[in-house]
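K.L.:
Since the structure of chain A is provided, determine the placement of chains B, C and D on it from the hints.
Number of protein chains: 4
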Amino acid sequence: MLPSHKITMLGTGLIGLFYTMTLHGQRSRDRVRRVYSRSEDRAKAFAEKWDIPRWSTDLAEAVNDPETDVVVVGLPNHLHEQAVRLAAEAGKAILCTKPLGRTAAEAKRILDLVESTGVFAGYLEDLVYTPKTLKALQAIENGAIGDVLWARSRETHSGPHSDWFWDLDQAGGGAIVDLGCHCIEIIRNFIGKDIRPVEVMCWADTLVHPIDAEDNGIGLIRFANGAIGQFEVSWSFRGGMDLRDEVAGTEGTIWLNHFLRTGFEMFTSGGGGYVAEKADQETGWLFPVGDEVSELGYTDMFTDMFEAIDAGREPMETFYDGYVVNAIIDACYRSAQSKQWEPVELDVWRGATAVDQIKGFKQDYDGHQLVKRERMPDGTLKLILKNKETGEITQRFVEEG
Amino acid sequence: MLPSHKITMLGTGLIGLFYTMTLHGQRSRDRVRRVYSRSEDRAKAFAEKWDIPRWSTDLAEAVNDPETDVVVVGLPNHLHEQAVRLAAEAGKAILCTKPLGRTAAEAKRILDLVESTGVFAGYLEDLVYTPKTLKALQAIENGAIGDVLWARSRETHSGPHSDWFWDLDQAGGGAIVDLGCHCIEIIRNFIGKDIRPVEVMCWADTLVHPIDAEDNGIGLIRFANGAIGQFEVSWSFRGGMDLRDEVAGTEGTIWLNHFLRTGFEMFTSGGGGYVAEKADQETGWLFPVGDEVSELGYTDMFTDMFEAIDAGREPMETFYDGYVVNAIIDACYRSAQSKQWEPVELDVWRGATAVDQIKGFKQDYDGHQLVKRERMPDGTLKLILKNKETGEITQRFVEEG
Amino acid sequence: MLPSHKITMLGTGLIGLFYTMTLHGQRSRDRVRRVYSRSEDRAKAFAEKWDIPRWSTDLAEAVNDPETDVVVVGLPNHLHEQAVRLAAEAGKAILCTKPLGRTAAEAKRILDLVESTGVFAGYLEDLVYTPKTLKALQAIENGAIGDVLWARSRETHSGPHSDWFWDLDQAGGGAIVDLGCHCIEIIRNFIGKDIRPVEVMCWADTLVHPIDAEDNGIGLIRFANGAIGQFEVSWSFRGGMDLRDEVAGTEGTIWLNHFLRTGFEMFTSGGGGYVAEKADQETGWLFPVGDEVSELGYTDMFTDMFEAIDAGREPMETFYDGYVVNAIIDACYRSAQSKQWEPVELDVWRGATAVDQIKGFKQDYDGHQLVKRERMPDGTLKLILKNKETGEITQRFVEEG
Amino acid sequence: MLPSHKITMLGTGLIGLFYTMTLHGQRSRDRVRRVYSRSEDRAKAFAEKWDIPRWSTDLAEAVNDPETDVVVVGLPNHLHEQAVRLAAEAGKAILCTKPLGRTAAEAKRILDLVESTGVFAGYLEDLVYTPKTLKALQAIENGAIGDVLWARSRETHSGPHSDWFWDLDQAGGGAIVDLGCHCIEIIRNFIGKDIRPVEVMCWADTLVHPIDAEDNGIGLIRFANGAIGQFEVSWSFRGGMDLRDEVAGTEGTIWLNHFLRTGFEMFTSGGGGYVAEKADQETGWLFPVGDEVSELGYTDMFTDMFEAIDAGREPMETFYDGYVVNAIIDACYRSAQSKQWEPVELDVWRGATAVDQIKGFKQDYDGHQLVKRERMPDGTLKLILKNKETGEITQRFVEEG
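Protein chains in written order, with the working numbering: chain A, 47 to 447; chain B, 47 to 447; chain C, 47 to 447; chain D, 47 to 447.
Excised from the complex, chain A in its bound form (with noise of 0.2 angstroms):
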């Protein structure tokens, strides 16, 4: 028969909500048999909402719900690590939200556990398996827009929902720990995960909240080839949640808008119930995405964890990766206070140790390197050259392309 899964849910925020509807959501096999919260209230709540038979204050019950097989941690990251202890200990498949951790250190720490111990240890990026993003993924690995030179990814909005995100100790930064570590991860896929990031730029203030951790961030990421990653986050966007990624290629541009211009535009003088997360608006023209689980990646991203299990297979994103963007996210700290690049310090790189240069426009024409062709209105073919020698550079105008 097909092989399906138990699953011990910790945590009932946003992220627990999203991740159960989505295992629970269109014929899947697989279930929540027993959840975990801090409050008896919301366990209790959201056990019946969901029809999972078992609910837990204790974390350790929760863990080692006899029945289950599969850990997925929906915690505030303060808490991630000693989720992800008590379930390798108790020898389960972990699947864990992001950030692995609040620092590298300890998203170290959290990845030798699990190392240590054998367990199959998923790392829950949704947004890397937006079905845009898969397919644009293919594309990249088919050659469509030749070597990635660049690649930005923006996440925005107005701020999270809880509490215990506003809170810089519970979760080790602000706008660039919550959402950078999407953005992160997200241009590594595009420009390869095998490719070193060796150093960060970062800017980061606290312009619009009375905080203490940063409200808006923006990082350029280099990579051993040379390619940059930009990722741009904020708590303080007006509009809506705004996750764009923009890539460029030596030979094509990819373009995803995961929410906020998907092809759903409604206006409405009011009463269309809820529309969409984060949205900043209930009336007007309103940019509702249709299935948000699947738009945000949720979907693609169970199923490549549960297949992987069952393959006895890595998934896509493993805690190594985790460990990676914690290392990054580092950097950028260190960056937006040194106000100078700092170095990614990675104590185990396991991608490529020797990669080549981005190769761009190298081609000769009579002697001379190209810099430049170009169709003029009138057709001719107009070239930029350079002399090899005198590094000159002229134009000239040929009339066959």
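Be aware that one or more of the hints could be misleading.
Claimed, not checked - In silico DSSO-like pairs for lysine-lysine, Cα to Cα no more than 27 angstroms straight-line:
#	chain 1	residue 1	chain 2	residue 2
1	B	LYS239	C	LYS385
2	A	LYS385	D	LYS405
3	B	LYS385	B	LYS428
4	B	LYS385	B	LYS434
5	B	LYS385	C	LYS239
6	B	LYS385	C	LYS385
7	B	LYS385	C	LYS405
8	A	LYS385	D	LYS434
9	B	LYS52	A	LYS52
10	B	LYS428	C	LYS428
11	A	LYS90	D	LYS52
12	B	LYS95	C	LYS428
13	D	LYS239	A	LYS385
14	C	LYS405	B	LYS90
15	D	LYS95	A	LYS428
16	C	LYS52	D	LYS52
17	A	LYS405	D	LYS95
18	A	LYS428	D	LYS90
19	B	LYS405	C	LYS385
Said to hold, decoys possible - Quick list of simulated restraints, FRET-style, between CB atoms:
#	chain 1	residue 1	chain 2	residue 2	range
20	D	LYS52	C	PRO99	25 to 33 angstroms
21	B	GLU445	D	VAL401	32 to 40 angstroms
22	D	MET67	A	GLU353	58 to 66 angstroms
Unchecked claim - A few chain B residues facing chain A, derived, Cβ under 8 angstroms:
#	residue
23	ARG75
24	ALA190
25	SER315
Keep in mind the hints are simulated off the structure, nothing from the lab.
Note that the structure is a prediction, hence the values are computed from the model and not measured.
Ideal placement from N, C-alpha and C gives every residue a C-beta, glycine not left out.
P.N.:
Using the frame of chain A, we list chains B, C and D on its own:
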């Protein structure tokens, strides 16, 4: 345990492929266990590719597979009736692709077959199940756009993949039967399936291809409450597959774009592999769709169908709906000939029998009927008023809104 | 020196305002020197605002201003004939707003007035002069989309600003006369002004407002070469002003959006001032237009008109075009009553008298007619073929394209 | 009579062409009366094409043409200083293309030249004059998006047309000098030209072309009030010319797209002629722009310049602005070398000297600082609150909004 289903799939063309991709997709617990094709080669190849244990070139054998409890009809239009008869006699649940029949008479016989035997019957009109459409229908039910006045559904591409579509006899028509059946049912869902379609006006012509059937068609459908449906279909559209719906209500507007502008934009100088169903080019700006089977509604459609079977309820789309669609198409073809509005002839009408005309903008102001109110650039409010006795229309500027 | 013009502006409503903004805009060398309004207050205020030296409440006095050489008619529809007569008698160049008349008969009298006196006469159909439309027409002339099969023009908003529009007698109709005249002339330009409009089918209804005229209408126009025009007009659209054109050709497609999606998107929680003509809201996502008078075609329209006067040539839009539009509108109203296709009655037809039907996809392959060719995901080429003798349709896979 | 101007045009490259198209466009009353090119052939051809009575290959002769009162500098960067000196000595109004100089030092000398002689001087930064930008700036001034927090300006294409751009010495830099100067001044306009740019962080690299200058660059500019500007420039972008601005404010958001998505979409299988500046393809989906010289701001720019001359006022963009832009670019190049934030060095600062930091979200609730308020799906209001003394962050659900 979670209920699951074993399926006989009739047909291995594009639609059988999409259906099977969906049924075996993500973490689904349902599986195709026997496949039928008229060609042994295609049957074998399909079974192998999709890990289906048994195949047939004999329709009755496939339908009567002892393990399967559901028969999915994905055959050319002229074979629907025969397939449904066999499946109804076998007492199995039947899911039939669109259109139900080639004519209303054929559809009515098919409807009678399943109703007389009492088997479960679902009409596989996927495009009313797209996540965007489902959410839009919910918003309309919530009152987000007031009363629906007009719904436009447009489905155009460069023509179908298989030979039988182009044959008037096997298909029962051209672009209107092939694509209009989608549009008509989308329109019915937006305007309200309870509202009777009264009459239609239709233009059809063969503008581009050397065929007997129409390759272009436009139709208007007037409903009992005054609302208007408008469909546009074409087999000669250039630029990909244009699937758009627009809905105008007294309080709002909805625009859905299912294919060419869904937030995925890619420029390529070549090499990205298979882009999307019916894309018209392989280089330049392309507009792929993330997860086609989800965006086209197949996922939610089969979920509804199997949940309906499990719960002993009707699915969202029934064979009766398929019959109504065929009756509207019949009226369209009559109108295209007669060049006048033609009544929609329904032997059985199961919706509302007395509906009010759409309630428009009915407000009074200072003893007049209010025709329009508008805020002017200088902040004053301009009222267009109608004298209730004389009918005279005047305008008035007032200070406050 | 550069030739310039002195203008009498008849009318101070929204259209007079837009015209004067354009005429006095940028570095224009033409100027309005006298303005007429039925109301002394409005005439004075308008003259002061736009630095116009003279104003009148007497139509003849305004037309006969000794300094002006051009009369612009921006009056309600029922006053066009009188104004044109006065201007023609004065021997001045006449530019008349749309529609030319309330009926084809009235338009014909207006046409005869200017042709018998020989004065210059331009029809101010601004929407065929939008920069996008002009460039699209040029692309079509260059063959970019092959033969035009279908043109859709849609103009909908929440209803006009002034009282007289809502009065059937003064306006001569409702949304079809007000907005359909734009759509019809846009369609004619895309399909070819030389191609005779043969017959129309039209639906019209009063769905929302307490008025005698239609507030919604849809029409189909069949042209002599088989091409189809489709217009959609409404005074009950919510969400702003929807001005879109779509054109389908044998080799391509054109989509124009003149207002709601032109690359300017703004989310505001309030306070941004006047947004755009007929915007339906002041907060949330708004879609303003950059330079309205340019985007709506006024700038290029007046440039063409004055250049035509200076060069002694016809403008792009003539009173004859206005007459054809009125003849099509007349047929629309007849069709809305008769519920069947109605012929377009033209006393005079100045276009082509013998046109070929659109040439479609006419290719042969191996003794068959080629119905369709399509590249499959596996790289093979699939051909749909028609046997020239039997008419049988088959498919064939070939290796090379 | 209406004042008009006679112009000497220096340069016949693409920018001289666009300037002349604009100056002679629509019903303009100004005219180019002498044109200068280093090449006699190009000077003659240009004069003939644009009906310009006189041409020169001698710069001084062209500047000193006795009929002209305005000199437009459309020359390569390294010739700006010489041309401005000649024009200033001739006492003529000077309009200089972007960038003003190759370095801030050069720009400062150019600024001093015109200020010491007192001639009118306008900086031809067209992209702050696009109709969309002008309207967006007005909306920001009206308070539509609150305080501006961040402005992104992106200008990328496949590289410039003429040889000298690619030569580091003549151009003074690569993509940052060529395109970044636009972005920087756009950013300054959105954030406020009165707010001092304090420091910059910049990445630059030569990824694709065989040249000495950078072909890609990204920069961050921190302003005195905490706002952040972000520019992205590239000479290796594929897919056309990507000109987009995004602005985030405390109360709203603005997105401008000047080129690739402006409401004009065309699919063609070939043959539509010249599409747009720097379009990267000739078939498939194309995104032309209606009136390029209007959309790119040239029309409104020259209108402002000439109106400023006529009114004896400063234009919107002055040589001082050009100098500030060069100072920011200088800091960018230093930062790209030093890999840290570099101060913007301005010998003269004419804006505000004491500005407040951006005022964010400062509200109290029940003795706490309000961090966030959000409407939940069930209609309750969720507040995130910060204890003013302990700094602890908690959440609370309240019934009413």
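K.L.:
So, for every hint listed, does it hold in this structure?
P.N.:
Hint check:
no.	hint	verdict
1	B:LYS239 x C:LYS385	holds (25 angstroms)
2	A:LYS385 x D:LYS405	holds (24 angstroms)
3	B:LYS385 x B:LYS428	violated (43 angstroms)
4	B:LYS385 x B:LYS434	violated (39 angstroms)
5	B:LYS385 x C:LYS239	holds (25 angstroms)
6	B:LYS385 x C:LYS385	holds (9 angstroms)
7	B:LYS385 x C:LYS405	holds (24 angstroms)
8	A:LYS385 x D:LYS434	violated (30 angstroms)
9	B:LYS52 x A:LYS52	holds (23 angstroms)
10	B:LYS428 x C:LYS428	violated (62 angstroms)
11	A:LYS90 x D:LYS52	violated (82 angstroms)
12	B:LYS95 x C:LYS428	holds (21 angstroms)
13	D:LYS239 x A:LYS385	holds (25 angstroms)
14	C:LYS405 x B:LYS90	violated (42 angstroms)
15	D:LYS95 x A:LYS428	holds (21 angstroms)
16	C:LYS52 x D:LYS52	holds (23 angstroms)
17	A:LYS405 x D:LYS95	violated (42 angstroms)
18	A:LYS428 x D:LYS90	holds (21 angstroms)
19	B:LYS405 x C:LYS385	holds (24 angstroms)
20	D:LYS52 x C:PRO99: 25 to 33 angstroms	holds (27 angstroms)
21	B:GLU445 x D:VAL401: 32 to 40 angstroms	holds (39 angstroms)
22	D:MET67 x A:GLU353: 58 to 66 angstroms	holds (59 angstroms)
23	ARG75	holds (4 angstroms)
24	ALA190	holds (3 angstroms)
25	SER315	holds (5 angstroms)
The earlier numbered hints that this structure contradicts are 3, 4, 8, 10, 11, 14 and 17.
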